[in-house]
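Residue numbers (UniProt numbering): 1 to 194.
Among the hints, a few may not be true.
Computed list of lysine-lysine pairs in DSS-like fashion (alpha-carbon distance at most 27 Å, straight line) [claimed, not checked]: (1) 65 - 33; (2) 25 - 3; (3) 65 - 83; (4) 130 - 120; (5) 3 - 42; (6) 86 - 100.
To be clear, the hints were calculated from the coordinates, so they are not data collected in a lab.
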Amino acid sequence: MNKVTCANNAKCANTRGSFRCECEKGFHGNPSKACEDVDECKLMDCGYGQNCTNTPGSFVCSCLKGFHPGHKPGLCTDIDECKTIKSPCGSYNYLSCENKPGTYSCRCNMGYTFNINRRKCEDIDECNEKFTCAENAECSNADGSYSCICPNGYSGDGDNFCDVNGSPSIEAAKAWNLLLVILTSVLLLIPWKM
1 MNKVTCANNA
11 KCANTRGSFR
21 CECEKGFHGN
31 PSKACEDVDE
41 CKLMDCGYGQ
51 NCTNTPGSFV
61 CSCLKGFHPG
71 HKPGLCTDID
81 ECKTIKSPCG
91 SYNYLSCENK
101 PGTYSCRCNM
111 GYTFNINRRK
121 CEDIDECNEK
131 FTCAENAECS
141 NADGSYSCIC
151 PNGYSGDGDN
161 FCDVNGSPSI
171 EAAKAWNLLL
181 VILTSVLLLI
191 PWKM
């Protein structure tokens, strides 16, 4: 009886009155000459947060860095480093951790900017950056914010207006004068009967 020789990664399959060589699962090609590994990673995607590694005759899906196996087999879920790692952004004041898929980033809280040379968040002096206070108001910088204050002798909220104490707003006075001019003009145009 002759010994049947199939290619590497192929097996002999008995058939009625004969035989045939077949490539094993995960391999393809001519089973009498050569069966090559199928790179399953080129044919499919493991899924969100996973990496595919080709192995002889098969493949393995594993979670990427920043992901861990989920509740269901074959699924990976994002690790919230901001909750699971103690102080991932360090112990810098005014620094917040922001979770992102597979990673995280650190950013300064509102009102602060990162000083790369000092490697820390520092207060933004909004009074020097942008002046958004009302006319006559004074800008007062505070830690992480600022406020607009009407100086002595003025009243108002500081953000929208600061008027001299005891006098109406200049805009209100202009509006009142305009109203008087309109009323006077209308009264002059009306024909009076006597």
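How the hints compare with the structure:
no.	hint	in the structure
1	65 - 33	41 Å, violated
2	25 - 3	23 Å, holds
3	65 - 83	16 Å, holds
4	130 - 120	22 Å, holds
5	3 - 42	36 Å, violated
6	86 - 100	17 Å, holds
The structure does not agree with the numbered hints 1, 5 stated previously, though it agrees with the rest.
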